[in-house]
Amino acid sequence: MFDLLAAAGAGPSAAPVWTNLIWIFGMIAIFWFLIIRPQMKRQKEHQDRVAGLKKGDQVVTQGGLVGKVVKVDDTYAELELAPNVKVKAVKHTIADLIEPGGKPAND
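All the letters of the sequence shown, read from the start, carry residue numbers 302 to 408 under my numbering.
Any given hint might turn out to be false.
[Said to hold, decoys possible] Just the calculated beta-carbon pair ranges, DEER-fashion:
1) Leu-398 x Phe-334: 24 to 30 Å
2) Leu-322 x Leu-354: 44 to 50 Å
3) Phe-332 x Val-361: 28 to 34 Å
4) Phe-332 x Gly-357: 39 to 45 Å
5) Leu-398 x Arg-338: 20 to 26 Å
6) Tyr-377 x Ala-316: 57 to 63 Å
7) Asp-374 x Arg-338: 55 to 61 Å
8) Asp-375 x Pro-339: 26 to 32 Å
9) Leu-382 x Ile-331: 42 to 48 Å
10) Thr-376 x Ala-315: 54 to 60 Å
11) Arg-338 x Ala-316: 29 to 35 Å
Source of the hints: derived by calculation from the structure; they are not laboratory data. Yeah, the Cβ is synthetic: ideal placement off N, Cα and C, and Gly gets one too.
Construct the entire structure; sequences and hints are all you get.
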């Protein structure tokens, strides 16, 4: 008789462990598709653009300098910022390429 009373007062049993794992894997999938995957895609596109640099391209560095590519090697790109003003930049610090034919911001 005491066994029946003890069993009745024990309350509900805990959920199975696999239900908790479903939530954890679901959160990992959400982070993968919303954060990690798009960032990897943007990084791959940037690497492709930097690898395809050629003489005459107009670029923007991560520091905000705008220049024209004069010379490119494996690691560095030489940029002309103004007439007779050249700087050497590490290729991976180039943020973006400016499309030819684009209008300047102040025109």
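Inset, instruction - Hint says 29 to 35 Å; check whether the CB-CB distance for Arg-338 and Ala-316 agrees. - result: holds, 30 Å
Inset, instruction - Please test the hint of 55 to 61 Å on the beta carbon pair from Asp-374 and Arg-338. - result: violated, 32 Å
Inset, instruction - Just tell me: holds or violated, for the beta carbon distance of Thr-376 and Ala-315 against 54 to 60 Å? - result: holds, 58 Å
Inset, instruction - Return holds or violated for the Cβ distance of Phe-332 and Val-361 against the range 28 to 34 Å. - result: Holds, at about 30 Å.
Inset, instruction - State, for the Cβ atoms of Leu-322 and Leu-354, whether the hinted interval 44 to 50 Å holds or is violated. - result: Because 47 Å falls inside the window, the suggested range holds.
Legend entry - Range hint compliance [Cβ, Tyr-377 to Ala-316, 57 to 63 Å]: holds, 58 Å
Inset, instruction - Could you check the hint for me, namely that Leu-398 and Phe-334 are 24 to 30 Å apart, CB to CB? - result: Holds: the Cβ-Cβ distance is about 28 Å, inside 24 to 30 Å.
Legend entry - Supplied distance hint 42 to 48 Å, evaluated on CB atoms of Leu-382 and Ile-331: Given a distance of about 44 Å, which is inside 42 to 48 Å, the answer is holds.
Inset, instruction - Using the Cβ atoms, figure out if Phe-332 sits within 39 to 45 Å of Gly-357. - result: holds, 41 Å
Legend entry - C-beta pair Leu-398, Arg-338: status relative to the range 20 to 26 Å that was hinted: The hint (20 to 26 Å, Cβ to Cβ) holds, given that Leu-398 and Arg-338 are roughly 24 Å apart.
Inset, instruction - Take the C-beta atom of Asp-375 and the C-beta atom of Pro-339, compute their distance, and say whether it sits inside 26 to 32 Å. - result: Once the Cβ atoms are compared, 28 Å apart, the range 26 to 32 Å for Pro-339 and Asp-375 holds.
Checked against the numbered hints above, the structure breaks only hint 7 and satisfies the rest.
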